[in-house]
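So the sequence lines, in the order shown, correspond to chains A and B. The numbering of the first sequence is the numbering used here, which starts it at 1 and goes up by one. The numbering of the second sequence is the numbering used here, which starts it at 1 and goes up by one.
Bear in mind the hints are in silico, worked out from the structure with no lab data behind them. Model, not experiment: these values are computed from the prediction. The beta carbon of each residue, even a glycine, is placed where N, CA and C say it ideally should be. You may find that some hints are simply not true.
As the list claims (entries may be wrong) - In silico lysine-lysine, DSS-like type, Cα no more than 25 Å apart, as pairs:
(1) A/292 to A/385
(2) B/98 to A/385
(3) B/449 to B/387
(4) B/216 to B/105
(5) B/105 to B/116
(6) A/376 to B/98
(7) B/449 to B/460
(8) B/265 to B/131
(9) B/173 to B/115
(10) A/355 to B/80
(11) B/187 to B/105
(12) B/80 to A/376
Said to hold, decoys possible - Here are some chain A residues pointing at chain B (derived, C-beta under 7 Å):
(13) 100
(14) 326
(15) 367
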Amino acid sequence: MHNLTLTQSLAGLAGGDFSSRELTAALLARIEQFNPQLNALITTTAASALEQAERADQQRAAGSAGPLCGVPIVHKDIFCTDGVRTSAGSKMLDNFIPPYDATVVERLNAAGAVVLGKANMDEFAMGSSNETSYYGAVQNPWARDCVAGGSSGGSAAAVAARLVAAATATDTGGSIRQPAALCGITGLKPTYGRISRWGMIAYASSLDQAGPMARSAEDCAALLQVMAGHDDRDSTCADNAVPDYLAALAARQDLTGLKIGVPSQYFGSGLDSAVEQAVRDALAVYESLGAKLVEIELPNSALAIPAYYVIAPAEASANLSRFDGVRYGHRCDNPQDLEDLYRRSRSEGFGDEVKRRIMIGSYALSAGYYDAYYRKAQQVRQLIKQDYDAAFAQVDVIAGPTTPNTAWAIGEKSNDPVSMYLEDIYTIATNLAGLPGLSLPCGFAQGKPVGLQLTGRHFDEATLLQAAHLYQLNSDWHQRCPEEFCQ
Amino acid sequence: MSNWETVIGLEVHVQLATNSKIFSASSTAFGAEPNTQASAIDLAMPGTLPVLNRAAVEYAVMFGLAIDAEIGMTSVFERKNYFYPDLPKGYQTTQLDKPIVGPGKVEIELADGSKKSVRIHHAHLEEDAGKSLHEDFHGMSGIDLNRAGTPLIEIVSEPDMRSAEEAVAFARKLHSIVTSIGICDGKMAQGSMRFDVNISVRPRGSDILGTRTETKNLNSFKFMQDAIALEVERQIDLLEEGGTVTQETRLYNGETRVARSMRSKEEANDYRYFPCPDLLPVVLSEVTVERLRSELPELPDARTARLASRYALSDYDAAQLGSDRATANYFEAVAANADPKLAANWMAGELAAQLNSAELTIEQSPISAEQLAALLQRISDNTLSSKMAREVFAALWAGETDVDAIIDQRGLRQVSDSGALAGMVAEVLAANAAMVADYLGTPEEKRKKKLGGFMGQIMKASKGQANPQQVNQILLEQLQALDV
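Whenever a hint applies, use it, and build me the whole structure from the sequences.
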């Protein structure tokens with residue numbers, strides 16, 4: 001049963017092949033078996049999952065099944081869940097139980113999804129390997145001594161290891177697409193504003209965006225359908241109509257007329273040759289499906305990482321000020337005075353990478369440096385947007401590698417933050433421009449999965465999903481399963 | 001005249017009278033149990049987001065229109081970063097480079113009748129902080145977040161004021177404007193308006209500003225007046241002794257009348273402002289601004305002018321009544337059924353005195369406008385003398401309700417029947433032949449002083465109910481008739 005995709009599970013539930021309770025119990029058993037080593041989930045909610053499953057079965061029997069009725073999922077532990085500890089991968093929130101659901105959680109609950117638990121993640125979504133989690137690194141199901149990627153490493157590993165068919169995740173600079181690539185699954189970062197951020201613990205508010213991770217584009221489409229849409233509680237959440245994504249997939253039989261831009265900047269130095277080969281092969285498949293490949297330029301690509309590492313930490317430095325030991329979260333023992341309370345609560349509660357980014361951000365915003373760093377970075381952000389505007393005047397989709405390398409060994413880059421940051425070189429610009437991006441499996445290098453990244457126009461997730469879906473109808477990379485998790 | 005010139009600029013925090021907070025749906029009502037009006041957003045729980053209150057934006061625009069300011073058609077919220085326990089997010093959401101209200105001006109009137117224009121640099125929208133409670137927690141502090149997120153406009157003046165009197169006149173005028181247009185309840189004691197006063201002194205004739213200090217959080221005009229006087233004196237003393245003024249933030253305690261330094265410039269925070277990514281820029285349409293302009297309630301200056309002309313009041317009376325919306329409303333309700341001049345006199349006299357000593361606002365007056373009007377009618381129709389009227393006023397103040405019933409019960413009707421009065425006068429004159437002879441023997445220009453004696457006797461004979469004006473006239477007539 002664990003080998004079923006979300007779409008297949010829904011069909012099985014609808015056909016009466018199995019109940020949600022059976023499916024849920026089977027996956028909970030797998031979690032119990034594999035999670036202690038994989039470390040993909042921080043919290044398992046077995047009891048409430050079984051209750052939700054039973055309710056889903058009753059609803060289905062009563063003919064009132066929602067669109068995801070009875071399908072198990074996991075939430076990245078950055079989404080607040082009413083009554084369930086939400087840690088954001090941090091010691092700071094190890095004791096934090098929110099009294100409210102994130103909009104994403106609320107909508108998926110209403111659609112009938114069954115929540116098996118909360119997925120591991122880099123602390124406050126700051127990291128590219130899941131190693132900054134207070135709860136430890138996540139193993140990559142394809143190579144268990146390697147990282148699962150980050151920050152949504154737990155979500156990616158759980159899906160790749162068939163602990164669950166689908167997961168929610170967030171992407172600020174690549175945190176959905178990069179772990180999806182490293183774990184051989186499909187992940188979509190929608191347009192900024194497509195999904196409400198209410199109840200999603202903020203890292204960098206102008207870049208954070210929730211999205212689905214699953215084993216196919218079709219499954220991502222089904223999840224996005226439920227997650228997307230306006231929310232009064234998030235002023236930055238867009239008010240435009242949500243298309244019928246599954247209908248869009250069914251409506252397109254080939255890619256004739258689709259123009260795919262291939263940026264020369266994404267195939268330069270630093271790109272692993274085997275990764276490049278897998279991506280080039282995938283592009284050839286696209287040509288065979290009727291798409292036209294167009295060489296394009298994104299001249300300011302190289303500036304994306306430096307701009308990101310000013311803007312994101314700047315926003316984070318303010319977003320994380322609320323974790324002060326006063327109202328909730330970690331509080332040091334016996335504070336001597338206010339200064340001591342702040343200093344020790346925050347020193348003890350935050351890990352090194354979080355502290356590093358708070359310091360970078362505070363510095364970039366401080367008097368005398370604002371113009372040189374923060375303002376300059378915002379100007380670069382504009383240039384990057386302009387690059388994309390120019391590109392999308394020519395093409396419908398931009399394609400390239402999701403990451404320059406496959407998964408690296410756990411511990412290999414933990415002491416070299418800049419080399420870690422460079423793993424997000426192809427994903428970060430998308431967030432700066434607010435565009436949707438999708439990563440799908442397109443082969444292997446050194447026995448580890450390679451991801452193909454597709455970037456689209458604002459609010460044009462449908463085209464990305466169509467392009468990914470048609471590729472998946474004509475390839476089987478997304479169906480490959482890491483051997484020890486196949487049985 | 002001192003050799004020193006005082007230079008004062010104000011930063012005024014005005015709590016907007018919206019029902020809910022600027023970024024959440026929590027109530028802004030004053031006086032609730034601690035933390036009962038604090039939602040997940042006000043507590044800055046993880047993942048919560050602000051949503052801007054439309055009414056707060058409209059109120060800010062109304063203020064801008066009231067002071068004839070440039071309206072910021074696109075304004076931007078920024079985060080002002082600092083740690084304090086009553087600031088839950090660790091930053092205050094405020095405006096900096098693009099405030100909602102740009103430069104404007106406020107006219108003030110001084111005691112000598114002269115007028116002066118104070119320039120407004122800008123006014124911006126922001127959220128209030130919570131309160132730290134330092135008592136009753138055994139060495140710890142309590143935090144009450146009911147106030148956190150209450151919408152404020154901070155009005156920043158240019159350093160255009162030259163004395164405490166001007167500063168207080170400016171503060172009073174702002175109070176008058178914001179209460180007149182209904183964007184603030186004006187309750188100073190509850191912190192609805194709070195003043196930060198920037199003060200410096202310089203040698204008279206100099207055009208270079210001296211080093212300033214900022215005295216924060218004054219919430220009464222009296223405290224403001226005292227704090228400025230104290231600080232000006234301190235700065236002048238320092239400079240005259242050859243010292244220098246340190247740029248610092250000061251706190252003034254209105255009860256003990258002592259000020260102290262809170263922090264110096266060196267200790268000041270670097271607030272690391274940047275645009276708040278959770279809020280979109282506030283973009284106003286011309287249509288909205290024009291609608292607010294057309295709906296703007298009457299401003300104090302216009303109201304004062306209207307009262308003066310409609311009710312034929314002196315400029316002074318009109319200004320007294322016109323500066324406060326509630327006072328003007330009360331006056332107009334009285335004047336609808338009574339002589340306006342009499343209404344103005346009674347409001348400025350007896351009513352104001354009683355309200356002051358009872359520490360009540362005009363809206364809390366135990367005597368309604370209708371009751372006062374009924375009382376004033378009985379003065380105008382000569383039923384009551386002013387002495388009697390004060391007695392009726394006291395009865396109304398004490399809770400009695402019907403003016404005519406009070407008059408009847410106490411037999412306060414004055415005698416205005418000229419036949420009866422003439423008889424009383426004649427009787428008194430007949431009974432006091434010596435006084436009459438003395439009067440008639442006095443040169444005419446000095447006779448007036450002698451009238452008091454007769455009046456006293458006549459009023460006594462009438463048991464105080466004779467109409468004094470009428471008695472006076474009849475008395476003169478009868479005395480003149482005897483002077484042959």
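**Message:** Under 7 Å is the threshold here; is the Cβ of residue 326 of chain A close enough to any Cβ of chain B for the hint to stand?
**Reply:** holds (5 Å)
**Message:** Take the shortest C-beta to C-beta distance between residue 100 of chain A and chain B; is it under 7 Å?
**Reply:** Where the cut-off is 7 Å and the nearest Cβ of chain B is about 6 Å from residue 100 of chain A, the hint holds.
**Request:** Mind checking the alpha carbons of residue 449 of chain B and residue 460 of chain B for me, to see if they're no more than 25 Å apart?
**Result:** holds (18 Å)
**Asked** Is the straight-line distance between the alpha-carbon of residue 449 of chain B and that of residue 387 of chain B 25 Å or less?
**Response** holds (21 Å)
**Message:** Check whether the Cα positions of residue 376 of chain A and residue 98 of chain B lie no farther apart than 25 Å.
**Reply:** Between residue 376 of chain A and residue 98 of chain B the Cα gap is close to 19 Å, so the pair holds against 25 Å.
**Asked** Taking 7 Å as the limit, does the beta-carbon of residue 367 of chain A come near enough to a beta-carbon in chain B?
**Response** holds (5 Å)
**Item:** Hint consistency between residue 355 of chain A and residue 80 of chain B [alpha-carbon to alpha-carbon, up to 25 Å]
**Value:** holds (20 Å)
**Request:** For the pair we were handed, residue 173 of chain B and residue 115 of chain B, check the Cα-Cα distance against 25 Å.
**Result:** holds (12 Å)
**Message:** With the threshold set at 25 Å, check whether the alpha-carbon distance from residue 80 of chain B to residue 376 of chain A stays at or below it.
**Reply:** holds (20 Å)
**Message:** Would the hint linking residue 187 of chain B and residue 105 of chain B be met if the CA-CA limit is 25 Å?
**Reply:** holds (23 Å)
**Message:** What's the verdict on residue 265 of chain B and residue 131 of chain B, does the C-alpha distance respect the 25 Å limit or exceed it?
**Reply:** holds (24 Å)
**Hinted pair residue 216 of chain B and residue 105 of chain B, Cα distance within 25 Å** = Roughly 23 Å between the alpha carbons, so the hint for residue 216 of chain B and residue 105 of chain B holds.
Hint violations for this structure: none, all hints satisfied.
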